[in-house]
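Engineer: Take a look at the letters that make up each chain.
Number of protein chains: 2
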Amino acid sequence: MKRSMGAKTLLYPTPAIVICTYDIDGKPNAMTAAWVGIVCSQPPCVGVSLRKATYTYGAMERRRAFTVNIPSEEFVEKVDFFGMTSGRDVNKLERAGLTTVDSVLVDAPYIKEFPVVLECKVINIVEIGLHTQFIGEIVDVKMEETTLDEDGASSMKRVNPFIYAPDDRSYYSIGSKLAEGFTVGRSLKKE
Amino acid sequence: MKRSMGAKTLLYPTPAIVICTYDIDGKPNAMTAAWVGIVCSQPPCVGVSLRKATYTYGAMERRRAFTVNIPSEEFVEKVDFFGMTSGRDVNKLERAGLTTVDSVLVDAPYIKEFPVVLECKVINIVEIGLHTQFIGEIVDVKMEETTLDEDGASSMKRVNPFIYAPDDRSYYSIGSKLAEGFTVGRSLKKE
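Chains as they are written, first to last, in our numbering: chain A, 1 to 191; chain B, 1 to 191.
None of these hints come from the bench; they were simulated from the model.
Fair warning: there could be bad hints in the mix.
Stated by the list, open to error - Just the calculated beta-carbon pair ranges, DEER-fashion: (1) A/LYS112 / B/GLY97: 49 to 59 angstroms; (2) B/ILE24 / A/LYS112: 44 to 54 angstroms; (3) B/SER41 / A/ARG158: 25 to 35 angstroms; (4) A/LYS112 / B/LYS189: 19 to 29 angstroms; (5) A/LYS112 / B/ASP25: 54 to 64 angstroms; (6) B/ALA53 / A/LEU105: 22 to 32 angstroms; (7) A/ARG88 / B/VAL104: 39 to 49 angstroms; (8) A/ARG51 / B/THR99: 37 to 47 angstroms; (9) B/ASN91 / A/ASP167: 27 to 37 angstroms.
C-beta: ideal position from N, C-alpha, C; glycine also.
Extracted from the complex, chain A is given alone in its bound form:
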C-alpha cells in the first residue's frame, strides 16, 4: 500500500558533486550540489540547478563556465563544508586546503586533488522556478591516472565517489556490483 507524501523533491540516489567557478574578482569558489546530472549526449551536456541566491549563480551567469568536480570518499568532510558556507564570506578552497588549477579550456578553475573533473561551457540557462538550470557543454573530462583501469578506461570503483541521501541528509558509499547491464534482463527479452 502506497502512502501520499505530497509534492516534494525526492529522488534516489543523488550524487555529491562540487561545482567550481571564478567570482567577479577571479577568486576560485566551490559549492556542493546534488541536483546535477547528464542531460544530453551530443553535444555532451550536464545540467546544474542553482538558486539565484547562491554565490555560484552570479559567477556562472557572468563567466558562462564552470567545472563539475567528482570527489572520492576521502574528501567527504570538505564536500560537506562546501555545502555549509558561502564563498561570499570565505575562500572555501583555501580553508579546505585544496589546490585549484586554471582550466585552459573554460573560464573556471578545478580541484587538483579530486579524481575527476568535467570542464563545461554554459550553452543554455533555463528558468524553472526557485531554481535555474545551467546547461553546460562538457568540453573535456579529465581523470587521475590512478582511477583508470589497465586499458586506460574510467572505473567508478577506482574513483570511489559517494552519494547524498536527502531524507537523512547523510552521505553513503557505493556498494558492490549487483548485476551486469544489458545482460541480466536478457531472459525476459527472450521469453
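Following the hints, complete the assembly by docking chain B onto the known chain A.
Structural biologist: Positioned in the frame of chain A, the structure of chain B alone reads:
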C-alpha cells in the same frame, strides 16, 4: 596527474530509474533512464532527458505527463529489460509481470510493485541536442508504507534503490553510511 578523456558524458553516480507513460493507444509503457534528476525545489521538478527516437518521447510529448518509478534491488532484472527493448514491439510491463496503476493526478500509469513513484506533469520541454529534456512538475510522491521509518519519514535504506555505472555498464548497490551531512564539515567552518 590527470589524463584528458575527451568530451564525454561521464558522471558518478547516476540513478537507475523507470519512466512510465501511456502510448497513443493508452497502452502503459516503461523505459529505463539514468539521465534523470531533480532540477527545482519550488515548484518541485524533475528533469528527464530522452532521444526523439524513443517510444517514450512521443508519449510524453502527447500526454504531457509521466511517472518516475524508483526500483529496489529485487527489480534489477526487470529494470535492465526495460532498457533493452522498445515499447513499440512488446508490452514490456506485462512481459515483466508487473502491475500498472492509473494515476488519478496525471495522465500516466505507475508501477504498483516499485516502492516509490513521482507523478509528474510536463511544464517545459528543452531542446538541447540529440537529447531533449522534459521538465516535469512533481505533483505527488507516493511511497510504500514498508519503506517509511517509524516516524513516517522516507528512508533510502528501506527503499533499497541502486546505481547505474556508465563505464562498466553495471548496476551497483548502495553501501553503508559514510558521514552525516551538515555535520562532518563543521570543523572546517570553525577553523
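Engineer: If a hint holds in the structure, say so; if it does not, say that too.
Structural biologist: For each hint, the structure was consulted:
no., hint, verdict
1, A/LYS112 / B/GLY97: 49 to 59 angstroms, "holds (50 angstroms)"
2, B/ILE24 / A/LYS112: 44 to 54 angstroms, "holds (52 angstroms)"
3, B/SER41 / A/ARG158: 25 to 35 angstroms, "holds (34 angstroms)"
4, A/LYS112 / B/LYS189: 19 to 29 angstroms, "holds (22 angstroms)"
5, A/LYS112 / B/ASP25: 54 to 64 angstroms, "holds (55 angstroms)"
6, B/ALA53 / A/LEU105: 22 to 32 angstroms, "holds (31 angstroms)"
7, A/ARG88 / B/VAL104: 39 to 49 angstroms, "holds (45 angstroms)"
8, A/ARG51 / B/THR99: 37 to 47 angstroms, "holds (39 angstroms)"
9, B/ASN91 / A/ASP167: 27 to 37 angstroms, "holds (34 angstroms)"
Hint compliance for this structure: every hint is met.
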